[in-house]
Each structure stands twice: as structure tokens, then as C-alpha cells.
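Generate coordinates for the entire structure from the input sequences, incorporating the hints supplied.
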Amino acid sequence: MDYFLSEEQQMIVDVARQITDEMIIPQRAELDETEGYPRDILTAIAKADLYGLYIPEEYGGLGGGCFEIVLALEQFARGCTGVATAFAASALGAYPILISGSEELKQKYMPAIASGEKLAAFALTEANAGSDASGIQTTAVLDGDEWVLNGTKQWITNAGEAQIYTVIAITDKSKGPRGATMFVVEDKDPGFSYGVKEKKLGIRCSSTRELIFKDCRIPKDRVIGRIGMGFITVMKTLDQSRPGIAILGVGLGQGALDEAAIYAKQRVQFGKPIISFQAVQHILADMAIQVEAGRALVYSAAKHIDAHKNDMSKASSMCKVFATDMAMKVTIDAVQVLAGYGYMRDYPVEKMMRDAKILQIYEGTNQIQRNVIGQELNKEYMRA
Amino acid sequence: MKIIVCVKQVPDAKDVRLDPKTNTLSREGVQAIMNPYDRHALEEAVRLKEQHGGTVTVLSMGPPQAEAMLREAVSCGADEAVLVSDRAFAGADTWATTYTLAMAIKKIDDFDLILCGKQAIDGDTAQVGPGLAERLDIPFVAYVRKINNCIANIMQVERLMDDGYDLLEVPLPALFTVVKEINEPRIPSLKGKMRAKKIDITKLTAVDIEADLEQLGLKGSTTQVVKVFSPELKGARAILAGTADEQVTQLYDKLLPLL
Ligand SMILES: Cc1cc2nc3c(=O)[nH]c(=O)nc-3n(C[C@H](O)[C@H](O)[C@H](O)COP(=O)(O)OP(=O)(O)OC[C@H]3O[C@@H](n4cnc5c(N)ncnc54)[C@H](O)[C@@H]3O)c2cc1C
Numbered sequence: 001m002d003y004f005l006s007e008e009q010q011m012i013v014d015v016a017r018q019i020t021d022e023m024i025i026p027q028r029a030e031l032d033e034t035e036g037y038p039r040d041i042l043t044a045i046a047k048a049d050l051y052g053l054y055i056p057e058e059y060g061g062l063g064g065g066c067f068e069i070v071l072a073l074e075q076f077a078r079g080c081t082g083v084a085t086a087f088a089a090s091a092l093g094a095y096p097i098l099i100s101g102s103e104e105l106k107q108k109y110m111p112a113i114a115s116g117e118k119l120a121a122f123a124l125t126e127a128n129a130g131s132d133a134s135g136i137q138t139t140a141v142l143d144g145d146e147w148v149l150n151g152t153k154q155w156i157t158n159a160g161e162a163q164i165y166t167v168i169a170i171t172d173k174s175k176g177p178r179g180a181t182m183f184v185v186e187d188k189d190p191g192f193s194y195g196v197k198e199k200k201l202g203i204r205c206s207s208t209r210e211l212i213f214k215d216c217r218i219p220k221d222r223v224i225g226r227i228g229m230g231f232i233t234v235m236k237t238l239d240q241s242r243p244g245i246a247i248l249g250v251g252l253g254q255g256a257l258d259e260a261a262i263y264a265k266q267r268v269q270f271g272k273p274i275i276s277f278q279a280v281q282h283i284l285a286d287m288a289i290q291v292e293a294g295r296a297l298v299y300s301a302a303k304h305i306d307a308h309k310n311d312m313s314k315a316s317s318m319c320k321v322f323a324t325d326m327a328m329k330v331t332i333d334a335v336q337v338l339a340g341y342g343y344m345r346d347y348p349v350e351k352m353m354r355d356a357k358i359l360q361i362y363e364g365t366n367q368i369q370r371n372v373i374g375q376e377l378n379k380e381y382m383r384a
Numbered sequence: 001m002k003i004i005v006c007v008k009q010v011p012d013a014k015d016v017r018l019d020p021k022t023n024t025l026s027r028e029g030v031q032a033i034m035n036p037y038d039r040h041a042l043e044e045a046v047r048l049k050e051q052h053g054g055t056v057t058v059l060s061m062g063p064p065q066a067e068a069m070l071r072e073a074v075s076c077g078a079d080e081a082v083l084v085s086d087r088a089f090a091g092a093d094t095w096a097t098t099y100t101l102a103m104a105i106k107k108i109d110d111f112d113l114i115l116c117g118k119q120a121i122d123g124d125t126a127q128v129g130p131g132l133a134e135r136l137d138i139p140f141v142a143y144v145r146k147i148n149n150c151i152a153n154i155m156q157v158e159r160l161m162d163d164g165y166d167l168l169e170v171p172l173p174a175l176f177t178v179v180k181e182i183n184e185p186r187i188p189s190l191k192g193k194m195r196a197k198k199i200d201i202t203k204l205t206a207v208d209i210e211a212d213l214e215q216l217g218l219k220g221s222t223t224q225v226v227k228v229f230s231p232e233l234k235g236a237r238a239i240l241a242g243t244a245d246e247q248v249t250q251l252y253d254k255l256l257p258l259l
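From first to last, the protein sequence lines stand for chains X and S. Position 378 of the first sequence, counting from 1, maps to 378 under this note's numbering, and the rest follow consecutively. Position 247 of the second sequence, counting from 1, maps to 247 under this note's numbering, and the rest follow consecutively.
Hints in this document: simulated from the structure, not taken from any laboratory. Take the hints with a grain of salt, since some may be wrong.
Here are the simulated SDA-like cross-link-like pairs (lysine to any residue), alpha carbons at most 20 Å apart as the crow flies [as the list claims (entries may be wrong)]: (1) S:Lys191 / X:Arg17; (2) X:Lys106 / X:Glu22; (3) S:Lys197 / X:Leu5; (4) S:Lys191 / X:Thr43; (5) X:Lys47 / S:Lys14; (6) S:Lys197 / X:Ser6; (7) S:Lys191 / X:Glu57; (8) S:Lys191 / X:Gly63; (9) X:Lys47 / S:Lys191; (10) X:Lys47 / S:Thr55; (11) S:Lys191 / S:Ile201; (12) S:Lys14 / X:Glu22.
Predicted model only: the values in this text are computed from it and were never measured.
Right, dumping it as C-alpha cells:
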């Protein structure tokens, strides 16, 4: 369907598509097998200026918004959700600085993130704090001119690969929801190290590791926003970033549909290509309907978010749930269309099915998203 | 460093067929692309610019449609684009082409280095690079697979040979043709694409480059294509059998009388 993209937006799609077709698709099976980090692909993405898509021009970016990064992510995910996750994680790590950071912090960190010279990562989750962010136990204590961090973050995407980490820690337990603060930690800060690389079901080429803070000392001016406002920054960050996860579902779903349709035309059983069987056509038709509906919703949500900074949560959560549940279903259907061949690693659809699952889990599970939508509805209909 | 890269628009080899009746290339419905070797020349020029500073100008002789290819070159890092286009150039062989390009380059005037692909995949002559160097009276190296350094206007390059490579030092200005081993061409950047859309392409006609009309196009060409055909494989062939040692002995016995 035609979404009437501007000329610049179409260029974003074209550049991202070329990287996907020429670099990501040829390498994805090997990256999945070896669990290697896709460094050369990310370098190509940086050289193509795509790390700066959502960053204002005054910090070296291209001045686009949520919609622009969504267009690039859709292409990357059509090729490999692992690569797309590694790329998206840098934006997730950068948003806290962009959303709440001081002018000095933005000047200091955003240009290198915009050029792709440095990668960022976002660190919220801990062993006892998944859906319940308030359960975090990492602490930060002010000691003279330095903050001292202690604790362990878990399952952090881009850990060990990024140079810039945005980390939330408790600064005053007694203040409850206003007792946490976000900080920038750099890879070379003393007392900062990484845990082992996790072994995952899917998105294997993205790096997922622990961040370990042992008396990690950072300068006082690394606070993002005001002290005690950490959870607010986290919520705003996730509202901003979730359409980026939603669109991974759309790209992945499109990739699965492409594979299934091409295969169905080629595979002959009972003397006919299987696409001539209505049962197969209906599976493909349902896949196509869902992918297109997902795309339409994510694009609309992204444009809404770009226009309404103070009213993002519901749109953001709705598109995340719909498009990622869709990706799970569509990739399972793609395996069904390819059947035994689809179950084999020789074809890309089994990887797509494995990759889809994470989309329903990270950046807030789909249950948590439904909670958010439900609470928003409750507010909206209060007056009714 | 001021670098000129000569690029040619060619039919995409994936789509090209030989018309069995006329024995000529059938170009109908075939997409035009940048000659693949020229892409490597452009990439090398852009890398040299990134290292040493300077500018990259892409130059093409061709029909007005070649503009699309020049814009693509700008999106991949070229700073300026020049299209030499005139009906008078039609039917040019490599002799007339090098004359035209040389006249255009004299017009551009200022350069330290000219890079070309080793050959164009349509004509496959590999003559334009050396011919152009000859016309400009500058040093020439073919099959460059690596540019090592440039110190005090002397460039050190590696020339790919069948059995290794030659290491050469060449004073600038010079002209090199490059092989695909030299680099991996980049994907166009977003900023490059935006620039490419807006850039004014310099267009030069036969009059602009002050060319002698007699030396242009078909009139100025010394080559006549009489027939295009794939040469037949001739000569006897034999397949040797047995163990490797036995085969070596057999081969030796066969070759010995020929020496
Ligand atoms: C590959 C990967 C990469 C990740 N990358 C990052 C990263 O870069 N940075 C980061 O900070 N985190 C990251 N995470 C963490 C991720 O965001 C969490 O896994 C996610 O928020 C869910 O937390 P949990 O896994 O602890 O699940 P839990 O919170 O333990 O949830 C378990 C189940 O209970 C349900 N549940 C929990 N609470 C409720 C409730 N109130 N109502 C209804 N249902 C509920 C959940 O939906 C789920 O089904 C990553 C995780 C993975 C697996």
C-alpha cells in the first residue's frame, strides 16, 4: 500500500533496503549460527547516516522523528530482527539523554551517537526487576564530586559493544517512585564491567549481557535530568521507543510473508504449486492482511507520537502489542506454509519464528502494554 | 588531492542478450547501470579524498540519461559531476571516446589523479583508460589492486598480475585503471542521496569542450564493427585418467614433443 512518503522518507527506505538486501540478508544465517555481533553491517548503517535519523540537526543528526527511524527499522527487521535490535538499542540508550538530559550532556554525547561512531545502551532490568521496574536494587550514592554505583543490570542489549550506557539507580529509597535517578556511564569508567553473553532462542547476533557496577565512580555531571526523576525518564523513553519494537514485528512479518509466498509458488504437490490450494492461499491472505494492518497502525502511532509529545502512552502501547503479536502469529504461519522445509535451518522462516518471540517480551511485555492501555482507557472514560 | 573518475553507463549484464539474427547486443528493456569496475574506481577516489582531503569529480560521456548514474555517483561521495553529451559523440569507438574525454578533462583542467575501471562490461576493450592517459601525456598503470600511499606527490600502487603483483611508484598527475579487488564499494548515504537530488550537473557539448568535429563520434572512429560472435572452441581435447601420478606422467609425455 502507498503511504505517501515524502521524498526524503522514501530515500530512507531505499538506503535501508539496500543495506538489508545486500548485507543483512546474505549474512543473517551465519550470524544466527555463530551468534557473532554484526559489526560490519552496523558500520555500513553508520556510514549511510542512519544512526542520526531521529536526532536533531544541532546534535549532528538528520532531524527526523519516530516515524523516520521506524521506516529504517522496518527494512532491517525484514532482513534480520537481531541486527535491527542491535541498531534500535542504541536509540533506546540515547533517548533518556535526548528526552531529559541537559544541554551539556546532549552536546557531549549525541553527535557521536548520531554518527554511529559510538553506540548506546539502556539499562533498567535487574534480576528482581523485570515488569516491575520499581524493584531495582542498583544504588548510586553521592561522594564528593562523584556518584558511586553498585549493583547489577541484567539482559542489557548492546552490553559490551556500546560505549555509552544510560542506567537507572536508586538514589533515595525513602522517596519511592521519586527515589531513582538516571546516569550516563561510559565503557571505560572504573568499577564497570560486563557479565557473560547470554545464549538466546532468537536475535542471537544481538549482544545481551549483564552490567556489573562495583564501586563504579562517575563524575557528578553525568546525572540525566533532575535527581529523583529517573522513573519518569524511563517511562517517557519507552513510550518513545516502543513503536520501534512494533515496527520490527511489521518488518519481520513482511519478511516471513515474502518467504512463504515465494515458496508456495515454487513448491509443487499433487501436480500443482501449493499456492493454488485455497487453504494455503487463505493462510497467505491472513498473513498479508495482518502485516498491512500492523504497518498502518505503527505508522499512524509513530506520526501521532511525533506530533503529540504529551500523549504517547496509549498509541505507543497499542501498536507494540498489535504488531508484535501479529509477528508471532505470521511467522508461525510461514513455517506452516513451508512445513518440513520451513522447520529446517536451510530456510530462514524457523529463525524468523524464533526471533519473533522476543518482540512480545522486551521493552515491556505485551501483558504490561495491555495494562497501560487499560489504565489509559480507565482515565479517558472517567468522565463518561 | 583533485581526483577525476571516468564512469560509463552500461546495460546491466544480468539482462543482456545477444540478438541471434543480427549478432548485436539487444538492449531493449535492459536497465542501465554504472559500469561495475567504475564503481570501484569511484569508491577508491572517495576513500583517497577522505584520507587526504580534496575533491572527486565524476565525468561521463554519454546520452542525457547518464545523468541518473552521475547522481548516483554523487550519492556515493563524489563532489561534482560532469556530463559530456552531444549528438556528435554518437557511435564513438575508443579512439574518439578518449579524444572527447581528453578534451573535456582539459576543460576541467585541474587534477592530480584520474581513475577509471579496468574496462567497461559492454565493450570490454579496456582501451579507454590507457588511451586517455596517452592523450593527456601522463603516466598510466592498469589493473591497480591497491593504492599504498602518496608521499610528496609520488603514489605507490600495486598492479595485479597473473602471478602476483608489481609494486610501482608513479609521479602525479597520473591515470590508473582499477580492478574489483581494490575495495568494496559503499552503499549510498542518506546525506549523499539528498545532495545528489539537488546538485547541478555540469553539462558540456562538443562546442563547450572546443572539440574538432572531425574527430568525434562515428566520424572520428577508426574501428568498424563488422560482426560480433562468440569464438568457436577449436582444437583437440583429451581427458586424462588414472591416479594423480599416472596423469602427471601422461601429461609430461604429451607435452615433451611440443617443446
Ligand atoms: C533479549 C532481551 C533483551 C533485553 N534488553 C533489555 C535492555 O536493553 N535493557 C533493559 O533494561 N532490559 C532489557 N530486557 C529486559 C526486558 O525488558 C524484560 O525481560 C521485560 O521487561 C520483562 O521482564 P521479565 O522478563 O523479568 O518478566 P516478568 O516481569 O517476570 O514477567 C513474567 C510474566 O508475568 C507477566 N506479568 C508480570 N507482571 C504483570 C502484571 N502486573 N500484569 C500482568 N502480567 C504481568 C509478564 O507479562 C510475563 O508474562 C531484555 C530482555 C531480553 C530477553
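* To do: Starting from Lys191 of chain S, check that the Cα of Gly63 of chain X is at most 20 Å away, please.
  => Cα-Cα ~12 Å, so holds.
* Does the alpha-carbon distance linking Lys197 of chain S and Leu5 of chain X stay inside the 20 Å limit? -> It holds: about 16 Å lies between the C-alpha atoms, which stays within 20 Å.
* Please work out if Lys191 of chain S and Arg17 of chain X have their alpha carbons no farther apart than 20 Å. => Satisfied, since the Cα-Cα distance of roughly 16 Å is no more than 20 Å.
* To do: Could you grab the alpha-carbon distance between Lys197 of chain S and Ser6 of chain X and see if it respects the 20 Å cut-off?
  => Within the cut-off at roughly 14 Å; holds.
* Asked: Quick one, are Lys14 of chain S and Glu22 of chain X close enough, alpha carbons at most 20 Å?
  -> Answer holds: Lys14 of chain S to Glu22 of chain X is near 16 Å, not above 20 Å.
* To do: For the pair we were handed, Lys191 of chain S and Thr43 of chain X, check the Cα-Cα distance against 20 Å.
  => 16 Å, holds
* Asked: Is it true that the CA of Lys47 of chain X sits at most 20 Å from the CA of Thr55 of chain S?
  -> 19 Å, holds
* To do: Starting from Lys47 of chain X, check that the Cα of Lys14 of chain S is at most 20 Å away, please.
  => 28 Å, violated
* Asked: Given the proposed pairing of Lys191 of chain S with Glu57 of chain X, does the C-alpha separation stay at or below 20 Å?
  -> Holds, because 12 Å separates the two Cα atoms, which is no more than 20 Å.
* **Straight-line alpha-carbon gap Lys47 of chain X to Lys191 of chain S, limit 20 Å** => 10 Å, holds
* Quickly compare the C-alpha distance for Lys106 of chain X and Glu22 of chain X to 20 Å and report which way the hint goes. => 34 Å, violated
* To do: Starting from Lys191 of chain S, check that the Cα of Ile201 of chain S is at most 20 Å away, please.
  => 17 Å, holds
Checked against the numbered hints given earlier, the structure breaks hints 2, 5 and satisfies all the rest.
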